[in-house]
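Enquirer: Protein chains in written order, with my numbering: chain A, 2 to 244; chain W, 119 to 937.
Hints may be right or wrong, so weigh each one.
Stretches of chain A that chain W covers, calculated by requiring three or more beta carbons in the stretch to come under 8 Å of a beta carbon on chain W [stated by the list, open to error]: (1) 68 to 82; (2) 123 to 134; (3) 164 to 176.
Reference listing, derived: stretches of chain W covered by chain A, where coverage requires no fewer than 3 residues with Cβ under 8 Å from a Cβ of chain A [what the hints assert, rightly or not]: (4) 150 to 161; (5) 526 to 535; (6) 825 to 835.
Quick partial rundown of chain W residues pointing at chain A, CB under 10 Å, derived from the structure [said to hold, decoys possible]: (7) 444; (8) 449; (9) 450; (10) 722.
To be clear, the hints were calculated from the coordinates, so they are not data collected in a lab. Ideal placement from N, C-alpha and C gives every residue a C-beta, glycine not left out.
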Amino acid sequence: MPASATVQPRNVSDPLIVLRAAGKTYTTAAGEFHALADIDMEIRRGEFMTIIGQSGSGKSTLLNLLAGIDRPSSGEVFVDGVALHTLSERELSIWRGRAVGIVFQFFQLLPTLTVAENVMLPMDFCNRWLARARRARALSLLDSVGIADQADKFPSALSGGQQQRVAVARALANAPPILLADEPTGNLDSRSSRALVQLLRERADAGETVILATHDRSVIEQASRSLTLADGRIVDIEASARG
Amino acid sequence: MADQLASDKTGVDQIGVDQIGDGRRRFALTGIAPRWRKMLRDAWLHKARTLLVVLAIATGLVAAGALLDAWALVQHVTDASYRASLPVSATLQIDSVDADALAAVRALPTIAAARARRSVLATAQINGAHPSALLFALDDYSSQEIARLQPETGEWPPRDGSIVIERSSLTFSAASVGQAIALTVGDKPPQALTVSGIARDVSLAPGWMENLVYGFVSPGTLVTLGLPAGFHELQIRVRDATADRDAIRRIAYEVKTLLERSGHTVTNVDVPLPGQHIHAPQMDSLILTQGAFSLLTLLVCGFLIINLITATLASQVREIGVMKSFGAQTGQLVAMYLGFALLIGVLATLLALLPSLLIGRAYAALKGEMLNFPIDGYAIPAWAIALQLVVGALLPVIAASLPVLRGCRLSVSAALRDTGIACLGANARRQRMIGVGHIGRPLLLSIGNAFRRRQRLLLTLLVLASGGAVYLGAANLRESVSDSVGYMFSMLRYDVSLRFSSPYPPAQIEAVASAVAGVRRAETWDVARANIDFSDGTRSGVIALIGLPADSTLVEPRLIEGHSIDGSDRKNLVVSSALLKHQPGLTIGSTLALIIDGKPSSWSVIGVVESGPQKLAYTSRAALAFRSGAESATTLVIATTPRGVASQLDVTQRLRAALVASGMPVANSQRPAESQKAYEDHMLMVVQFLGVMGWVMIAVGGMGLASTMSLGVLERTREIGVLRAIGARHRDIMLMLQVECMVIALLGWLVSIPLSVPMSSALGDAFGRIMFELPPNYMPNGEGVVRWLAMIVVVSILACAWPALRATRISAATALSYE
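Bound conformation, chain W alone:
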């Protein structure tokens, strides 16, 4: 037999059939060493409990995996689609781009490619609607060196008299290939263009989000629309693909200097963040915030694992002692129990993988829509899937490590002396402490049972309370967003705004408007586009500068600090808080150098107003008169007598007709109520994305509660048997467990309320990074707290249903013989 004493770790034995005492057969585990059979059968013995934890972890993994997949896919597509399109590094607004200027710029060693473009704002007429349109004409559509366009259907490039619609504005425009669109530029007569194709420009913010119809036309078509020939934008791509924004800005200003030396006038230099789509930072913030919450979900899943493993080890202390008594080493037992955790992780990962891939792909598609990238045809990167597999499998192992090490290090003698759960004395003390003289014994027992395993109770409470805190935080955020958007639009006291393509005398516009039936009050504004001219020669992005009449009543921004504007022609500004945030050096009393219509001027900041996320400034209409020598207006706002939508639209139609008849065609018109709805929906979509993590955590918490109750029933099998032996009925047992479960759930609810304060703050900060800063709103609102209470009661009833049913199935005899 000595030869058989050789070590052979790779060999396995063969057992075909397992048969248990009552004659039923269990699954055979042929070819698996006994210690691993024990691990598998232990898991199978408590399969419902194990499955609950597997499902809870799978839920967390689906959420985290889907976000990871979406992020990885979008990053991959950003590289493959956006960066591969060789995006524009900088755009210079110039009086005119001629061949010499283009050649000179292209000859610069730092420039990889340059092109001339013209952008024109127009009004489209499609199917009775009047959406704004942004038309682009390029000098060379065949160039593949800069901002490549991707033709999708129909003709490419656009020929004279036709328009190619950018794909992201297709739904918004309701246009289709072959259809005619009437386009009006300024006060020129409308021209019908045929939609000849669809193309994608991945550098544009989606048309459906910007409420714009993007169209590509030939330079000849612009002439047909009544515009002079020529281009006024010079777009460059720098040679160094790794150059950062500052480096690109330096190169762009070298180009500006070069052009100005050759007699051109450059009015603006725009340098976007290199390598990033215009919406990418917002999207990344959103997904990273969700990612942080998904990590929190995985953390609470770890708590469930700790509960499960701790309970498993507690019920097997004596078995551990026995195994050690015949030679099992701590390391072998640790491997066995961590193997159990690994099994849970692998099962959860396999369960989560497909849903996370599908949800991740769908989420990436949505994100792609927001970024204007097509994700079809791209696969989720293999590294993302591999990472999910590794994290999913190892998460339970990591969570279980400490309790497993603690449990398996127990000395043999201590393990063999284990007497199971023995804390009735402590329980009685607790009951005395809480002074429950008038509560019946069964109810008292239920309340005491809830506190019996304090570590498990604490972890279960943390799981439930975290979900509740995110839910309450999201409810707070939703309320804040609605309030902020409502507040932002409550400043606007008009019903309709109409924008002109060209400026007209205010009195002339107001006279026409006042004569239209249904117009209660009319007010004209002069809206200009301004750039801050910094001392280092660079300029800010575009700021809307709104010139109001002296007696303005149709917009009332809330003054936070300083003074309001008056009707004088002094160059005073009241800036929005959003602008202040982006220009930290700006304070009341600052002097601001602005470039308006290419003309420099100096302005004084006299006040700050709250006006939501918009970067704008108010001044008097008279102060803007310096541009043309007389006051003019580009926007008409009206308050109507009738309040209904149909009536307001009717008034608008008649007003447009009257203005056209007076030689003042309207480029577009808008009702703030419509904008508010669209804007709020847009904002709330982000809140929903954040809030969905709360639902995931509540689902995980519910499963955790069910798992805790199941462990409690198992551990108290003998006790339940005693209760049944002394006459407890099914309903008494069920009621006791339901009360115990409800006590835990209500404690979770209670803990979640204070926990929602920092959670609201975190969600508010996250929203601020993604969209705009909100006024602090940390206190949980009453309605949300009551809704969460109702939810947790339902969760508690559902979580306890199965363990309670199981408890009633335990016969007194079986229970009393349970060890």
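Chain A on its own, in the form it takes in the complex:
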């Protein structure tokens, strides 16, 4: 963790993620656009949380704030005691590499790297794990998502469902405590969707905090809590039966 980061004292029972009056405003040609406003929320360790809402409601923006991809225009974002809103781009990079794993809707695998190499790349950039142990770890992660036999293929040779599993394995490469996924099932068929949600549920059961932005009803049903956004504001937080 960067030395300059503001870290709040914490213990295991403290919430892992805390947002206080967080807002995000974009300046466009048409004027200011408030993507998020006055978001106050807490997320506990090991939660499987979904963020739902219409297109443009601010789901992706909220995920970006949690991932340290964007900074809030107002308010504060704390993750595991680290004040993300105070970190520089470089500090955010280092923090992101160790603290969060991100799964994108369109997988975003690098096409000129094999499946195993895609999973090894975060370890390489973050200098995690002994270099000679990285492939073994990548294969182990691929095995855990059920595609170890595809390790030496290039992403273009895989189906959408398989590519999303690789994306999950890549997100887990540096053993982050938080897994963020933006519409991870948006490009998958129903069978692949179910399998992926099951996989993410297992990660949450294993103690990782999983937060998903989704429209998918079957995903929402698996969540311990669902947060609903409309026009950049929280309109509802609902604990599900699983929670």
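Got chain A sorted already, so can you dock chain W onto it with the hints?
Expert: Below, chain W alone, put in the same frame as chain A:
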């Protein structure tokens, strides 16, 4: 697992085989970290595009490297050969050098060595030709203390009755060891000498360039040729090897004073530039000028790198965002993309190294021939090779730095939001602005596409236009040189000139010449060698002073300023503009103190004429009569009735025979037409050396254009797919790309025309430094512009061929699924 979290930067993983989706295998990158595998595979994925840029940079590096190698090798040989020969610091022309004088000079603390020499101008007769010969006789051939001579084959030193030919005049003389040469000195009867060996004197300008046969003979041989015994040159080498020209000049004048005090007469003191061969400044100017152009070539190679890297980064913005999202830092990504640039640099350098060494060596050999140095047996200095490696490898890294930094600094959110190329709106605006209502849509699209990436277009245009500007500038220079040389020789209205060893009465020469059939007009000149006697006691180099008859019509130099000479015996001078340039204080009305044949006299400058690079002055033949009390002539010029070369040679042969029969032997004869050809060839060789850089830049520009088109095709893969989906045929796609490429090429052609004006000026200045000043000729000539247009059309067709072919191979389905 905690123990595995330790940092280990040196460890590598093992992956043996890479297999892509369609079952084909790609090269394995065992033992390389994933980020570097990505870099290598990205380069391999677009290998043709990468290769084009590698080839373009390699071409630039070959040119720059060859020049660097040649320069470094010649510098090295200059040290090892010329300076190691302990060259003469100064030469004093003296009435006679005796043992006492030599001993006195050698005893001076500032003098390291001294020797006596005699130089004699003679006429040789070899294989039916009559070349001029310059014979040297030394007091001591065994001395290794000053201007060491290098015997190569045959006997050394020359014995009585034999001659050792200097190596650089071997081809010109057509002589060989064992052959006999007849030598005539003055009006003495010819004597046959045997060529007994070949030696090299690195201090001499090459005989083949000076049209002279250099020969070394013994003092006894000079007596055999009819000359009195003794030496008239004293050559010294100063002890201080670091002394500059002024310091050496001071020492030489101390020697002069010493000799004059002991009763000798010193008529001239010549101090060459220390440590430099007589042709070295010209050669250095040439190579430095070429070097400047090669740096320009490397600069345009840098533009190609910027284009390539910018396009690569633009196509990978989202990948950059993804990599940053899982922890990649800006520095790591910068290193990765600069690593790609370094890879290009290393490949280009490896590709360029051998050709640059070979071309550099060949060029150095040519330069060595011009300087009379042997370069065989010397290696190109290691520092030159190391510098090429470093510059070649780092050039792309330096060029890529800015775009890489800009691209990799992009925030994660901005990178992930990237939507690729989106400027169709701007394109449509442009099309509306240029008012192209009658142009078909596909053609309109092609023209619009050419302007789509403005930075890339600008850099591509600069690359093409720079090559074109150098090409047009070189064409201008060639025309200027031809015009100037033509003008210089157009002043000479005679067909043959004949030089006598001794002066004769003009009327006597003219009477004999006029009686020879075929001689239309004969004119005699008195040509003297003069030195300017400066007020500080020093003297200039030799100036040719041409004494013309009052009714001279066979030479007509163009008067720039002042008055022409008349036939009176007043000591008036009309000086050449070249002389004026070297004597800046000289103006019309100046009084000039000259030493002619050892005699001081005072002259008035009354006019300036244009006569090319020659440092000379015209006066009346009568004005030079003061030397002997009566008018005399040393040169006969004739206009012949027959115009053919064979007829002119026949007239010359008969005229020589008639003059010999009248007791006036001719030392040598020359046809201006021959001299003009040789002179023009010599000048144009320098133009070619400069112009070759234009070709290199055009080649680089062509590859740059191909690279730009290739990037355009890649970026518009999806668009091409849409066009194919709505019915565009192969030929429609190819035609669209060809039109786009042609638009860029024609713009490059257009930009190169104004750019050629400063380029012509720069080339003209460079030529002026190397050879002689030319009248300004900056406007590009029509023929060159049309030739360049034809060339750029061909370049455009070739550059577009491969990208266009590639575009037609893209299937609609593949193209539409392209991200």
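Enquirer: Run through the hints listed earlier and report the numbers of any the structure violates, in increasing order.
Expert: 6 and 10
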